[in-house]
Amino acid sequence: MGKIIAIANQKGGVGKTTTSINLAAALGALEKKVLLIDADPQANATSGLGIDVEAVELGTYQILEHSCTPAEAIIESSSPNVDVIPAHIDLVAIEIELVDKENREYMLKEQLQSVIDTYDYVIIDCAPSLGLLTLNALTAANSVVIPIQCEYFALEGLGKLLNTIKSVQKIHNSELDIEGLLLTMYDSRLRLSNQVVEEVQKHFNNMVFDTVIQRNIKLSEAPSFGESIINYDATSKGATNYLDLAAEIIKKNS
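Following the numbering used here, the numbering of the sequence shown begins with 31 at its first residue and continues without gaps.
Since the hints were derived computationally from the structure, they do not count as laboratory data. Mixed in with the good hints, there may be bad ones.
Heads up, simulated DMTMM-like pairs for lysine to aspartate or glutamate below, C-alpha to C-alpha not over 20 Å straight-line [what the hints assert, rightly or not]:
id, residue 1, residue 2
1, Lys-63, Glu-257
2, Lys-282, Glu-205
3, Lys-139, Glu-125
4, Lys-131, Glu-95
5, Lys-33, Glu-205
6, Lys-281, Glu-186
Now the in silico label distances, taken between C-beta atoms and shown as ranges [stated by the list, open to error]:
id, residue 1, residue 2, range
7, Tyr-182, Ala-264, 39 to 47 Å
8, Ile-247, Asp-82, 23 to 31 Å
9, Pro-110, Asp-217, 24 to 32 Å
10, Lys-281, His-96, 35 to 43 Å
11, Glu-229, Ala-277, 19 to 27 Å
12, Thr-270, Ser-197, 35 to 43 Å
13, Val-83, Glu-229, 34 to 42 Å
14, Ser-144, Asp-217, 28 to 36 Å
Beta carbons are placed, not taken as given, at the ideal position from N, Cα and C, and that holds for glycine.
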């Protein structure tokens, strides 16, 4: 049975989608079968793997409203061993549509049962909010990876997210674990970056991944070519970082 990992942080611009795409691709490169679910209405994980968002007819929205099965929405990506359930801007409406539905927090969890055995890992790219979409992802997930940007406001809002995770554990999903805190956009030349790393490691100790994702031009360029960093430039620092992260996650779960 596959492990479901949500990539979540209600702060925008911390590297959630970059991590979702490239962790999925790195796990695929390490010969794991991966399903990437785009649960963000911005649909950047979809376009970041070269899928035309405008052409998406079946995706996360249809799965959540039960008008299709996950198997019908799955698209093969250009990354080896990585399939995608894409998103479209229409996903914005799902929070309103689900609001008076019974068991609305469990829609994604229910739907994923039919495909979970096909994959080693299911990665969910969450929206930058703590709304119903993210709640569905956390209820469906076995664990959560929290990307933290190595910048001044890094820890702002983290307490709120950890409280949300606690209440999800208490009410909806007692098995939800924190897979780890992932430091992103690290620049070793900046004192601030080093201070943030020290601060996070001091506060959260063994909850922090050993792998740190460094600032890397290639990492920023890859999505505009509709490719993961592994496909775009496998020799880059960004590719090495995400392969290290994938190896760390595989080792932790073996």
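Verification of the supplied hints:
no. : hint                            : in the structure
1   : Lys-63 <-> Glu-257              : holds, 18 Å
2   : Lys-282 <-> Glu-205             : holds, 16 Å
3   : Lys-139 <-> Glu-125             : holds, 16 Å
4   : Lys-131 <-> Glu-95              : holds, 10 Å
5   : Lys-33 <-> Glu-205              : holds, 12 Å
6   : Lys-281 <-> Glu-186             : violated, 30 Å
7   : Tyr-182 <-> Ala-264: 39 to 47 Å : violated, 33 Å
8   : Ile-247 <-> Asp-82: 23 to 31 Å  : holds, 25 Å
9   : Pro-110 <-> Asp-217: 24 to 32 Å : holds, 31 Å
10  : Lys-281 <-> His-96: 35 to 43 Å  : holds, 37 Å
11  : Glu-229 <-> Ala-277: 19 to 27 Å : holds, 26 Å
12  : Thr-270 <-> Ser-197: 35 to 43 Å : holds, 37 Å
13  : Val-83 <-> Glu-229: 34 to 42 Å  : holds, 37 Å
14  : Ser-144 <-> Asp-217: 28 to 36 Å : violated, 43 Å
Of the numbered hints listed earlier, those contradicted by the structure are 6, 7, 14.
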